[in-house]
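Residue-level listing of the chains:
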Amino acid sequence: MSRITKTFERLAEEGKKALIPYITAGDPDKATTVPMMHALVEAGADVIELGVPFSDPMADGPTIQLACERSLKHGTSLRDVLGMVAEFRKTDKDTAVVLMGYLNPVEAMGYPEFVEQASAAGVDGVLVVDMPPEEARSVDSMFEEAGLDFIYLLAPTSTERRIKTIGEVGRGYVYYVSLRGVTGSAAIDVEDVERNLDRIRQHVKAPLCVGFGIQNAEAAARVSEVCDGVIVGSALVSRIADQADNPVQAIKDVTGLAGSMREAMDANAAAEV
Amino acid sequence: MSINTTEKQATDFNVEMPDADGHFGIFGGRFVSETLTAALDELQETYEKLRNDPDFQAEFDKELAHYVGRPSPLYFAERLTDECGGAKIYLKREDLNHTGAHKVNNTIGQALLAKFMGKKKVIAETGAGQHGVASATVAARFGLECKVFMGSTDVERQKLNVYRMKLLGAEVESVTCGTKTLKDAMNEAMRHWVTNVDDTFYIIGTAAGPHPYPMLVRDFQSIIGRETQRQCDEQIGRQPDAVVACVGGGSNAIGMFHPYIKYPEVEMYGVEAGGLGLEGDDHAAPLSKGKPGVLHGNRTYLMEDENGQIMGTHSVSAGLDYPGVGPEHSWLKDVGRAKYVAATDDEAIEAFHKLTRLEGIMPALESSHAIAYAMKLAATMDKDKVIVVNLSGRGDKDIHTIAELDGVTA
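Chains P and R supply the protein sequences, listed in that same order.
Residue 171 in this note's numbering sits at position 171 of the first sequence, and the numbers go up by one each step.
Take any residue in the second sequence, count from 1 to its spot, add 1000: that is its number in this note's numbering.
Calculated from the structure, these hints are not laboratory results.
Backbone N, C-alpha and C define an ideal beta-carbon position, used for all residues, glycine too.
Keep in mind that the hints are not guaranteed to be accurate.
Said to hold, decoys possible - Computed spacing ranges between beta-carbons, pair by pair:
1. P:G75 <-> R:K1159: 31 to 37 angstroms
2. P:R79 <-> R:E1042: 38 to 44 angstroms
3. P:K205 <-> R:F1116: 36 to 42 angstroms
4. R:E1016 <-> P:N216: 52 to 58 angstroms
5. P:E194 <-> R:D1041: 23 to 29 angstroms
6. R:D1384 <-> P:T159: 55 to 61 angstroms
7. R:H1400 <-> P:R79: 40 to 46 angstroms
8. P:D92 <-> R:D1041: 38 to 44 angstroms
9. R:L1160 <-> P:K205: 53 to 59 angstroms
10. R:D1041 <-> P:R201: 20 to 26 angstroms
What the hints assert, rightly or not - If you only want the chain R side, here are some residues facing chain P, beta carbon under 7 angstroms, derived:
11. V1032
12. E1034
13. T1035
14. N1187
15. V1194
16. G1308
Unchecked claim - If you want a taste of the chain P side facing chain R, the calculated C-beta under 7 angstroms gives, among others:
17. D56
18. A59
19. Q65
20. A108
21. V129
22. L153
23. A155
24. V182
Can you build the whole structure from these sequences, using the hints too?
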């Protein structure tokens, strides 16, 4: 059983929802990423989405675009990111790590090498924003054999046929994009999310996690009522941007926000029981 | 494994490309976020319906004839031919189209699609501003709201076109992320589209991007090659020995090439921007020096570093300043049907002056790359051979650049 699946089973037993923070690897610098990952686990993260920086992040808003630029200024490569995961794994054997990014750095490395090295580093899942299931078909089995969960997105505009396809091929969890737009856009509409998740649940067995537009602890708590996990990216990354010259403070601010989300989500779950 | 060089021998050029999922061999496809999938499905469905619909085709043809001014002439450049001392050089005069370039063939087609789909707003990306102008023009013609995304570097160096777009009623959005040029304008247009997908049509300016764009842009631009075939029959009684076109994203070239693909006796040459020379990094020649990768929704040759990050490009011509290329060109290169070469900034500028002085035709700096290579090629061929060069645009927009290079302050 994959580390991601184990995590969601444990959470289900505890009656809790997953907190999934996203940070861009190498932002604000390479040395900060691994300590920040450990600090996020400390603050209550169940899965970490680690962004692989890309020069042309088409699906991201300005916050994550700038994070990519900060990271690429130091030349952070996919190999560097895999090195960070391996470093993190030396002392953390339990927290699932998902690499999130765009396809071209993977294409440049080559699929066989990427799959082998990601698996060896201790990566659990891969979310490639611009790799839809149709295009992934020819490489999907390679990822599966290496024990890497291929995580897909679903959107408010996804058709029933599409939801079925992703229900069949998605592993680990499914990332539901809560709104029409790029990362870091407007605030989330929980009722709209709930309606769409009901529709999706009919065809998708994997845990459903929701991202885009979750800006604070209160929103995280409300969204967590209707899904299996809450993904927070731009809200955390903008804390890093504010303290890009002071990585120690950046870690404090990021974990402060993540911790407050954890508390609010757990309090909510406890109240429901 | 999906990444393999396509077999050269096995290719049947009579088979319709792309396949149902938009693949040209290993190239093309649809590499986009889930958030764009429904919109692309809708576009594909609409286009498949209209592609062979006689009413749609008739409306498109009517616009091309009476609004764009087609057919564009095929002109024998006699003095240029004499200068080179070899094959006869003919020019396909896309510079004489309304708005001064081939771009309008495509924007008319896509604006008609937008109309059929009931979309009231169009967006476009632009580098030099030619596609932005062509989009703003058809938006005015069809009463659509138009927003054009343009890198802030290009906004600065193409002020006249920015003003043209504004006169036409378009809003120009200056893009300040990344390298602040065409690729970033395209990123930003995609982001805007994802957010406003219900009422907005994205008019992509070149034969690249996610399926079905490379196919539909090619179809709209193929009027260039089809007319050339007819005009060659009429004027010289046979087809040319070679066709030559410049390649940035590659829409004018694919428009010329596509109808000729199944006639292997006609050689095809795509001329990329060699910038300061192919030995360094200051060029925009992904087919000559790049490798296959994925950007802007399709797999194609790209200029990228060893880690898969997209590189900044350089060309004296803003319209060729793009790190990728349409997927059909990548396929034509790999199967060996077309040859891709490069002309440097200096060669293009020299060709600009030659054509201006010898024929009284001022070519766009993009098209000057094609002229530069055609002149070299002609000199190696016998006098009874024929070359057709696609003169994709006129050079008025580049006078400022040329003046600066000549040290003239206008």
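* To do: Kindly indicate which numbered hints from before are broken by the structure, ordering the numbers from low to high.
  => Structure breaks no hint.
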